[in-house]
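Q: All chains, full assembly: derive it from the sequences and hints.
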Amino acid sequence: MDTVTKRLIKEIKNIQNSPNEQIPELHPISDDDLLEWKAVILGQEDSYYKGGRFELAISVPKTYPIQPPKIRFVTKICHPNVHFKTGEICLDLLKTEWSPAWTLQSACMAICVLLTQPEPSSPLNCDAANLLRCGDELGYKSLIQMYVNMYAKQQ
Amino acid sequence: MKDFPLISPCDYTLKHYVGFIQLFINNEEHEYPIEIKLDDPSNIKTATIYSEKLSNLLEDNKKIISQMLQNSSDLNTFLIDLKDLLEKKEILLSSKKYPLKYISKMIKEFDEIGWDKISNLKSDLHSLTLNINDSYNRNHKLDLIFPYNYNTEVIQIKADIPEKIDNKYFINELSKIVDFYKNIFDKYNNFWSQLEEIDKKTWVIEPLNPPRSSNYRRIIIEKKCSINIQVNPNNPRSFPIYQFMGSDDLVQKWTMILINKQHQWNINISIYENLKKILNIEFPQKEKMSLSDISDACGICYSHYLTIEKDDKLEKLLPDKQCKNVKCSQPYHYKCIFEWLRSLTTTKKSFNYLYGKCPYCEEMITLPIN
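From first to last, the protein sequence lines are chains A and B.
For the first sequence, the working numbering puts the final residue at 905, and the numbers step up evenly by one.
For the second sequence, the working numbering puts the final residue at 731, and the numbers step up evenly by one.
Mixed in with the good hints there might be a few duds.
[Said to hold, decoys possible] Straight-line Cα separation of at most 30 Å, DSSO-like style, residue types lysine-lysine; simulated pairs: (1) B:Lys449 - B:Lys414; (2) B:Lys685 - A:Lys756; (3) B:Lys688 - A:Lys845; (4) A:Lys812 - B:Lys682; (5) A:Lys845 - B:Lys718; (6) A:Lys763 - B:Lys718; (7) B:Lys585 - A:Lys763; (8) A:Lys756 - B:Lys718; (9) B:Lys688 - A:Lys756.
Derived from the structure by calculation, the hints contain no laboratory data.
A: Given below as C-alpha cells:
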C-alpha cells in the first residue's frame, strides 16, 4: 500500500471517531478511489451563511500530504475569497502555508472559519470584497443571503 | 535473392518467398527453413515472417523485427538485418546452457550432499537453495547461483550471516561449500543465541522478522522510550553499542543510568540478563500493549512502519527522526521529513544538511542528506 492510501485510511478512521458537526459529510466519493472526496460544510449560526449547506469537492494529489489537497466549492457561494464561477478558494493554508500537520478535516474546518472571517484584501470575488471594503455591511449581508437562499438552502 | 541464394519467390506475383536462412553460430553454419509473405510486393512494410524452428526467437523479438521492417527499403536489406539479429540472439541463448558433462557432474554432487538439502532448484540448474543445519539445530539457507561460463567464474553464494565472505578463491564443489559454511554458522552460535534470547524475552520493534545477518535490535524499555543495541558478532557478550530513542527526558535519564553502571557489565552472562540487571527493569511484553501506547506514528504518513527498499529487500522502518522541541517532539520517518523539507522554499541547504521547519511547531529541524 502506498503512503497516501495509508494516511487517508487513518484519516477516515479519525473522522469516524471524532466527527465535526460543522462538517456533516466528509468521505471519498467511491471506495475504489480514495483520492477524490466529497465534503459538506454548514454555514455557522452567527454568520451570514446561516442555514446554508455547501458542498466541497476535494481532490487529493498522489504526493499528499507533502502537497496540499485541492478543494473547491461545488455549491455556488458568494464570498470575497471564493471564485463565483469555478468555486476556487483563496486560502493561504491550501497554498503556501500548507503543512502535513493539517488533515482534510482540519482543512475543511479552516474553510468554515473563512466563511465567517473573509479576507477582502485578497479577493477572488471583487464585487463581494468591494462591498465589504467600502463598509456596506447591509449590502454585503443581503447579497450573501440572497445567494444562500438561491443555491445553498438545506432541504 | 542476392545475398540469400537459398530463398526464392514461389511465383511471379512476388508475394510469397520460401527457402532457408543461414545463421553462423559458434563457427557452425545452421540452416533454418523460413517463409515470407507480402501483402503488397512493392512494400516491404507489409511482410510477415514465418519459421517454425525460429518461432520462439521471432516471437521474443517481435517489436524489433517490426521496427526493422519499417526501416528497411527492400527485402534483401531486411533479411541481412534479420540474420544479424537472429545470430546474436542465438549465440546469447546457447551461452546460457550447460553442456551435458557439466550437468552430470552437478547431479553427482547433488547426490553426494543429499537431495534433501536442495530446494528451489531451477529447471536449467542455474540456481538453487541449500538447506543446512548447524550443530545447534538452526536451519540456514544458502542461495547459490551457478555461472553460465563456469570455467572462468565462481559460484555466487548468498548467506544470511553477519559478515561478508569473499568467495573468489573458493572451490566450485558443493560438499566443500557445505562444510565451509557449516563452520561459519557454528562460529556465530553464541551471537545468534544472544539475539534469540532478546527476541524471545523482550519486545523488539525493529527490525521486524530480523534476518540472521542483522546485528541490531530496538527494544522497548517503557512507554515512549526504546533502546537500540548493536551486538558485535565476533564478541557478542561484550558491551554493545547502544542508543536510547524516544522523548528527550527519558532518553537522558536512561543514558545516565547506563553510563553510571557500565562497569557492572558482566561478560559471563547474556546481554539480556545484563541489560535487565543494569537498567533494573522488567522488559515490557508485546502481548500487553499496542504499538501506539509505546510510540507515536510518523506525523507525515501517519504510520509506525514505513516500507522502504534497501539492497533489493523490503525493510520496515520506524520513525527515526524527532522534533527537538520538547513540547512537540513529533517523530518522523527520515524519508517523510526529508521529502517535506525538500519541498519547502524556506528550507536552507548547507554542506550536507537541510535546515527547515517542523510541520507541527515550526521549530528548526536539522537533517543530514544521505
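Q: Now tell me if each hint is right for this structure.
A: Against the structure, the hints:
no. : hint                : result
1   : B:Lys449 - B:Lys414 : holds (16 Å)
2   : B:Lys685 - A:Lys756 : holds (26 Å)
3   : B:Lys688 - A:Lys845 : holds (27 Å)
4   : A:Lys812 - B:Lys682 : holds (23 Å)
5   : A:Lys845 - B:Lys718 : holds (16 Å)
6   : A:Lys763 - B:Lys718 : holds (28 Å)
7   : B:Lys585 - A:Lys763 : holds (23 Å)
8   : A:Lys756 - B:Lys718 : holds (24 Å)
9   : B:Lys688 - A:Lys756 : holds (27 Å)
Hint compliance for this structure: no hint is broken.
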